[in-house]
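> Going down the list, the protein sequences come from chains A and B.
Numbering-wise, the working numbering puts 58 at position 58 of the first sequence, and it's gapless, one number per residue.
Numbering-wise, the working numbering puts 60 at position 60 of the second sequence, and it's gapless, one number per residue.
What the hints contain is simulated information worked out from the structure, not anything from laboratory work.
Predicted model only: the values in this text are computed from it and were never measured.
The beta carbon of each residue, even a glycine, is placed where N, CA and C say it ideally should be.
Be a bit skeptical, because a hint or two may be false.
[Said to hold, decoys possible] Here are some chain A residues the structure puts well away from chain B; computed CB gaps all over 12 Å:
no., residue
1, E15
2, E71
3, S73
4, S84
[To be verified] Covered stretches of chain B, going by a simulated chain A footprint (3 or more residues, C-beta under 8 Å):
no., region
5, 48 to 62
6, 65 to 73
7, 87 to 99
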Amino acid sequence: AQSVTQLGSHVSVSEGALVLLRCNYSSSVPPYLFWYVQYPNQGLQLLLKYTSAATLVKGINGFEAEFKKSETSFHLTKPSAHMSDAAEYFCAVTTPNNNDMRFGAGTRLTVKP
Amino acid sequence: EPEVTQTPSHQVTQMGQEVILRCVPISNHLYFYWYRQILGQKVEFLVSFYNNEISEKSEIFDDQFSVERPDGSNFTLKIRSTKLEDSAMYFCASSRGVNQPQHFGDGTRLSIL
Numbered sequence: 001a002q003s004v005t006q007l008g009s010h011v012s013v014s015e016g017a018l019v020l021l022r023c024n025y026s027s028s029v030p031p032y033l034f035w036y037v038q039y040p041n042q043g044l045q046l047l048l049k050y051t052s053a054a055t056l057v058k059g060i061n062g063f064e065a066e067f068k069k070s071e072t073s074f075h076l077t078k079p080s081a082h083m084s085d086a087a088e089y090f091c092a093v094t095t096p097n098n099n100d101m102r103f104g105a106g107t108r109l110t111v112k113p
Numbered sequence: 001e002p003e004v005t006q007t008p009s010h011q012v013t014q015m016g017q018e019v020i021l022r023c024v025p026i027s028n029h030l031y032f033y034w035y036r037q038i039l040g041q042k043v044e045f046l047v048s049f050y051n052n053e054i055s056e057k058s059e060i061f062d063d064q065f066s067v068e069r070p071d072g073s074n075f076t077l078k079i080r081s082t083k084l085e086d087s088a089m090y091f092c093a094s095s096r097g098v099n100q101p102q103h104f105g106d107g108t109r110l111s112i113l
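Looking at chain A on its own, in the form it has when it is part of the complex (with noise of 0.2 Å):
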């Protein structure tokens, strides 16, 4: 079954610096990769996805991730953090025709003034 593993529990950044956050995933056949993020006491909303076009997504809040076959990684970036972006994000994957989504550990974001 796939699967994703995400490295790095906690990451803290100061406000305006780059956001990276790490996820790597393991499937037999060609995945489809989300984002999604978790603030406080609510549900998870769709950041981006990559579903076998560009491999280059480009998702809300500027965010944006890359999916690197080489490395079989989809990895999380934002060029500036703002301390709204503090929360929970989660990296998914499935696969065609596949209901069941798998999602990582989750990365707890902390922004630093």
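Position chain B relative to chain A; hints supplied.
This is chain B only, laid out in the frame that chain A set:
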């Protein structure tokens, strides 16, 4: 923008009792899902539902669990005889099609005493 809504936001139940968690998916979505998130742990897939039947389920979704779409709008998760370890946040999600982005509700926090 249409949302997935879940009720109640917090449910407290005695161990051994039955509990029903309710969800109203986005109206033109065809696929429905339940996930759970035990405090401090990753989001875990429970079940997906399409065309009035379960399309996939995880190993967590045992005979204690059932799902139903009793009418044209609600999608419910029933736990027959709750255990302490069922305490978690339960998220409902829906999507327009298979592999389409899943839209999540804000969750129901289930506390088993």
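> Hints first: check each against the structure and report whether it holds.
The hints, checked one at a time:
1. E15: Since the minimum Cβ distance to chain B is about 26 Å, E15(A) lies beyond 12 Å and the statement holds.
2. E71: E71(A) clear of chain B: closest Cβ-Cβ about 22 Å, beyond 12 Å.
3. S73: holds, 19 Å
4. S84: Given a closest Cβ separation of 18 Å, the condition holds.
5. 48 to 62: This one holds; 5 residues, not fewer than the three required, reach chain A with a Cβ under 8 Å.
6. 65 to 73: Result for this restraint: violated, n = 0.
7. 87 to 99: Held - the region 87 to 99 of chain B has 4 residues with a Cβ nearer than 8 Å to chain A, which meets the minimum of three.
In summary, the structure is inconsistent with hint 6 from the numbered list given earlier, while agreeing with all the others.
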